[in-house]
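Participant: Chains A and B, in that order, give the protein sequences.
Taking this note's numbering, I'd label the letters of the first sequence as residues 88 to 192.
Taking this note's numbering, I'd label the letters of the second sequence as residues 30 to 668.
Don't read these hints as lab results, they were simulated from the structure.
We treat Cβ as the ideally placed atom computed from N, Cα and C, and that holds for glycine.
Warning: the hint list may mix true and false statements.
Per label pair, the in silico range of CB-to-CB distance [said to hold, decoys possible]:
1. B:VAL616 with A:THR114: 49 to 59 Å
2. A:THR114 with B:GLY653: 36 to 46 Å
3. B:MET657 with A:PHE156: 21 to 31 Å
4. B:SER652 with A:THR107: 12 to 22 Å
5. A:TYR176 with B:ALA667: 32 to 42 Å
6. B:ARG633 with A:TYR110: 27 to 37 Å
7. B:GLN642 with A:ILE173: 15 to 25 Å
The calculated BS3-like cross-link candidates involving lysine-lysine, where the alpha carbons are at most 27 Å apart (straight line), are [stated by the list, open to error]:
8. B:LYS145 with B:LYS82
9. B:LYS645 with B:LYS205
10. B:LYS422 with B:LYS490
11. B:LYS599 with B:LYS205
12. B:LYS636 with A:LYS191
13. A:LYS191 with B:LYS645
Calculated Cβ distances over 12 Å to all of chain A for the following chain B residues [claimed, not checked]:
14. ILE56
15. ALA202
16. PRO322
17. ASN415
18. TYR458
19. MET469
20. ILE517
21. TYR527
22. VAL572
23. ILE596
24. ILE624
25. LEU638
26. GLY641
27. LEU643
28. LEU651
29. ALA664
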Amino acid sequence: MIEGIPLHLILVVATVMFFTGIYGFLTRRNLITILMSIELILNSVNINFVAFNRYLYPQHLQGQFFSIFIIAIAACEAAVAIAIIINIYRRFTTINVEDVSEMKY
Amino acid sequence: MNFTYTVLIPLIPLFTFLFLGLASGRIKPQLGGLIGTTGLFISWILSLMTVFKYFSLEKVDGAYQQIIGYNMVWLNFSDKLHIDMGVFIDPISVMMLFVVTTVSFLVHVYSLGYMKGETGFVRFYSFLSLFSFSMLGLVLATNIFQMYMFWELVGVSSFLLIGFYYQKPSAVAASKKAFIVTRFADLGFLIGILLLSFNTGTFDFLELTNPQGAAMQTGSGAWLLGLSTMTWSLIFVFMGGAGKSAMFPLHIWLPDAMEGPTPVSALIHAATMVVAGVYLVARLFPVYALSAPVGLEIVAWVGATSSLFAAIIATTQFDIKRVLAYSTMSQIGYMMVGLGVSGYGGHDGLGYMASMFHLTTHAMFKALLFLGAGSIIHAVHSNVMNEMGGLRKYMPITHITFLIACLTIAGIPGLSGFFSKDEILAAAYHHNKAIFFIQMFVAGLTAFYMFRLYFRVFWNKEPHYHHTPHESPLTMTIPLMMLAFASIFIGYIPFSDYISSDFKPFETHIEGIIAIPSVLVGLIGIAIAWVMYKKDSDLPDRVSHGFRFFHRWAFNKFYIDEVYLFITHKFVFNRISTPIAWFDRHVIDATMDGIGWITVSTSRLIKPLQSGQLQKYGFVFLSGVIIMALVLLYAAFAA
């Protein structure tokens, strides 16, 4: 429990972060930026997990463990995504997502 | 007496067929030939044993017994409907065993020399074995369905052997023609079998041909066009027999079948397979004689027509194998006449006995003629008479044996052909004078065309040979000598003691009123051939010019092939096949094409959805999630 800060404010922060991520995911053309947006989405979820755990079930720790797992997975995901992006760059000499549409029909 | 071992007679060739077929290419050709020949030799010995054993059996009521040597239920549909496989032993099947294995064995030996060095030597022997197996199975059939199956098998082996030189387009065309024509005829046979067995409730020959049996009485009322069901079914069965035996008008495949190797022509298209039709009618003879005399009348007339027709064509042909092919057709016509004019039982069954007698003697002398022709072709490398002449000096053994065969077929007294032909003429004389005179005329024609061939090939002017013709090797001349021996002496077998329509021996004697004219007619034929062909002269040309319209008509085989082509092309192809093809292309194919077109155009319509733009996918996905969320929220609040 953080003194004087109610749960809903923390949730507002998380929501803002989430939709910032979504917006970035849908509008940015640079693959690295898209990856950053995804990280934002993941972290907003982490905040939710920790906040709900702390405010609603202070005696339990599942939410915090869960966020640790998510951080680990996010790290892996970033590694894989950056590897893919590097390969894309080598092949197409661009990381503009609109130019990478080889997988269409 | 136990006849179970007879099942080996067809099975041994089956094994050699399988072995040679599988081992072909892996064993030395000569070894393959020897294996095939040995197999047939064993079958031949077993058949000879069977002949002696069977005819020395105790008779029951003065008649030979009919024995089921072996039987197994092969397809068991129900208690009443089952198809058996087995071995049926009675006088004519034993006689056929003898004929088939003898000729087949000699042809196997002969082919060792004739086919030497040919590519596909082992394949040839495996097909010969297949044929022998099928033919023996046909001969020994216990029921009409087994016969039908082996009937088709001999058709297949004939197809394979005619097309043995499969790189030659004419051989391929001939094999197809033979197969299609006989197959068409077999359709009639199948309809006949179905009608007959539906009517009588049995496939079994023993029940079917029992004169006192229940089968004989059924279906005798008028059914269609004033004829009974029994008559119709037997007419259809005869259609199959006519196709296999090359009876007019289903004969067109036989002359073309001469594209096959000559030993095959001797075995299949002269001695054995083509008499299957005669054998079929003989097998069902009691049924024909007792419940369908109209059918028998048709058999007689078809036989008479064919024999006259073929004999006329044979006088005009130049290819020696074709002359022999038409001669075969003519002689089979004789056998059909023999059956057709016969009655049932005792001396009335003279025609039946004579027909079987002629079948046996004909198998010997016609196989001899074909093998002799093969020997000539082997020496001269040509089928055409005009490229031959004066061969008697070069090929003494072939010459003598060929002469014996020609004298036999011409009906010279003392040789076997005389006895059998005379019995047929006698039977025809007592039954139907018109047929008798036709057959008498054909006898003269036969003598003429055979001696035309003989004088043209062995006497006449010698053409310029590229290399001097030589006598064939011993493997070829020994079968010739054996067949010549058989052609001379087989006529002295008292056939009526062994084979008769009711299995009871009867007495026959030569009637001077028939024998003397028939011999005279034969001698006249020989004399005309002597005058026209012994020396090279322009007489044959002048004669054919004198009858030029008729000669051209006969030379072109009376345009029967053209009639067939006209019917198939103008009528079947244009009127039936073309509309069906149109329907297939424009209705059935169009439906299928339409289904395909719908699929393709739908996919073309929706494939832009897969744009490859990651962010569009993400947008769609999110919109979906949001819509789902709204729906769930609405549902939660509405509830």
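Participant: Which of the numbered hints are not met once you compare them with the structure shown?
Facilitator: When the structure is compared with the hints, numbers 2, 5, 8, 9, 25, 26, 27 and 28 turn out to be violated.
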